[in-house]
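Enquirer: The listed protein sequences derive, respectively, from chains F and V. Under numbering that gives the first Met the number 0, the first sequence has 75 at position 76, and the numbering climbs by one with no breaks. Under numbering that gives the first Met the number 0, the second sequence has 91 at position 92, and the numbering climbs by one with no breaks.
Please keep in mind that the hints were generated in silico from the structure rather than gathered at the bench.
Straight-line Cα separation of at most 30 angstroms, DSS-like style, residue types lysine-lysine; simulated pairs: (1) V/Lys123 / V/Lys150; (2) F/Lys296 / V/Lys173; (3) F/Lys285 / F/Lys296; (4) F/Lys296 / F/Lys282; (5) F/Lys279 / F/Lys296; (6) V/Lys83 / V/Lys123; (7) V/Lys173 / V/Lys150; (8) F/Lys296 / V/Lys123; (9) F/Lys279 / V/Lys150; (10) F/Lys296 / V/Lys150; (11) V/Lys150 / V/Lys83.
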Amino acid sequence: MGIITIARQAESGGETVAERVAKHLGLALVHRPLLECLILEHGLSGQELDESDEIQTGTAVSVAGQVHVDYVQAVLLDLAGKEDLVLVGRGGQFLFRDCPWSLHVKVAAGLGARRSALQQVQALSDADAEAWLAEVDRQRSDWIRRHYGADWEDPAHYDLILRSDRLGVEGAVTVICRAAEAGSILGHQTEIAAWMERHGADVSADRATGVPGFVHPSEAEFARVLDFYRIRWHYEPRSFPLAWDEAGHATEAFTPDFYLPDLDLYLELTTLKQSLVTDKNRKIRKFRELYPDIQLKVFYGRDFRSLVQKYGLSSTPSRSGAAGTHGDERQPS
Amino acid sequence: MSADELGEVLFSADQITARVRELGEAISRDYAGRELVLAGVLRGAAFFLVDLARAISIPIAVDFIAISSYGPSSKASGVVRIVKDLEEEIAGRDLLVVEDIVDTGLTLGYLLRILRERGPASLKVCTLLDRNVRRIVDPPVAYRGFVVPDKFVVGYGLDYHQRYRNLSFIAALKSPA
Numbered sequence: 000m001g002i003i004t005i006a007r008q009a010e011s012g013g014e015t016v017a018e019r020v021a022k023h024l025g026l027a028l029v030h031r032p033l034l035e036c037l038i039l040e041h042g043l044s045g046q047e048l049d050e051s052d053e054i055q056t057g058t059a060v061s062v063a064g065q066v067h068v069d070y071v072q073a074v075l076l077d078l079a080g081k082e083d084l085v086l087v088g089r090g091g092q093f094l095f096r097d098c099p100w101s102l103h104v105k106v107a108a109g110l111g112a113r114r115s116a117l118q119q120v121q122a123l124s125d126a127d128a129e130a131w132l133a134e135v136d137r138q139r140s141d142w143i144r145r146h147y148g149a150d151w152e153d154p155a156h157y158d159l160i161l162r163s164d165r166l167g168v169e170g171a172v173t174v175i176c177r178a179a180e181a182g183s184i185l186g187h188q189t190e191i192a193a194w195m196e197r198h199g200a201d202v203s204a205d206r207a208t209g210v211p212g213f214v215h216p217s218e219a220e221f222a223r224v225l226d227f228y229r230i231r232w233h234y235e236p237r238s239f240p241l242a243w244d245e246a247g248h249a250t251e252a253f254t255p256d257f258y259l260p261d262l263d264l265y266l267e268l269t270t271l272k273q274s275l276v277t278d279k280n281r282k283i284r285k286f287r288e289l290y291p292d293i294q295l296k297v298f299y300g301r302d303f304r305s306l307v308q309k310y311g312l313s314s315t316p317s318r319s320g321a322a323g324t325h326g327d328e329r330q331p332s
Numbered sequence: 000m001s002a003d004e005l006g007e008v009l010f011s012a013d014q015i016t017a018r019v020r021e022l023g024e025a026i027s028r029d030y031a032g033r034e035l036v037l038a039g040v041l042r043g044a045a046f047f048l049v050d051l052a053r054a055i056s057i058p059i060a061v062d063f064i065a066i067s068s069y070g071p072s073s074k075a076s077g078v079v080r081i082v083k084d085l086e087e088e089i090a091g092r093d094l095l096v097v098e099d100i101v102d103t104g105l106t107l108g109y110l111l112r113i114l115r116e117r118g119p120a121s122l123k124v125c126t127l128l129d130r131n132v133r134r135i136v137d138p139p140v141a142y143r144g145f146v147v148p149d150k151f152v153v154g155y156g157l158d159y160h161q162r163y164r165n166l167s168f169i170a171a172l173k174s175p176a
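This is chain F alone, in the form it adopts within the complex:
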């Protein structure tokens, strides 16, 4: 996998450049129609795609907007794990900023060229056209700042910044393709799979597809329940030392299964029989003594089994709903 991200000033021709680069290199172009298809498969709608869009009014990050941004990111990451991509906008340069097999490009153009390009499709005065261009770029900049806390204008975020009005579209395409080839960013499926796994705790794509490494299959399925309810989670992100030797090295630790950052809550799920939980109980007691300010919720045997059954997570489910699938989490009708 390799990723070419293309940020663009309004009316700089960035979309056209992206399209040509994708065609020239034989990569998938991620544009709105493709995203609409993908997120429909994930249960979102075009309207919700709008809420994740770069052109958004207001300065606050709405919960719905952030959730949708998270989800579109998940879809993009999922896609990136399967094939080489050209991604236009949507903060791709930040989403894949640490990915070694990525090339981050910004397409720019002089104000006059961009104004003329806009005036070819909209009958605007020079002043109105320039105001429109400034507004679009401002919204994109605000969107990046809100969702990634970064300055869109900072050249340090890009490997290449190209002026399409000076190089021309074909010139820009040639430079980008040569940079991709020189950097050998394409065709690294194996390496990128490892990268995705290492970065899994920070992004949500792997949640939908199943992160390898869950100790118990029910944990993976429980993660899907959290995804369904749009609750962000990290799997075993932190170990808490419980005992130390004389040199100060930890000799015993407790690693809760999940951390839910929005709730600042750790969850421990156990499928152990009650007779086998003595040691775990001891650890949890010690954890609560040593870390009284850390919120931890423990689901023991019966609680966890009913939770597993509640959501139909068991591989051999008992009678549907036997543990209670109505109420605030309703049965499918």
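Please arrange chain V on chain F, whose structure you already have, making use of the hints.
Expert: Showing chain V alone in chain F's frame:
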């Protein structure tokens, strides 16, 4: 309807009526002089909301909301979403979400996040039943009818495969064989 599936009656019709009346009185006191919207979460809360509304003595508006469920079809992909939205404008008004039961709190947590963004003057929850042994998300429940143990309960809006909603009482369902 198979009576064989029904176990212990947890709350009789009389107990429910009395408790709903108490909740209605408390809500009438707390929201006196304010503009209250009751939002029932479909389908389970419909029965409770109707009785609760009639036990409230102050002017209110009534509305309903429905959300998608997690189930086998959701396992491969999908996220919870509102499938029937409120029709009332709630910005600046007091909103009381009416639930039949709060369990893990996952759905209600999502619902409250979405509703909070619409700028209600206040946002609280009234639930008929509160089953907290599996609670993950702790929504702010201001009014609760009864606390229930970890049993599958049916009746008074609560169903098992769409059955038993129309019981006037709440009973546990017998454990599966």
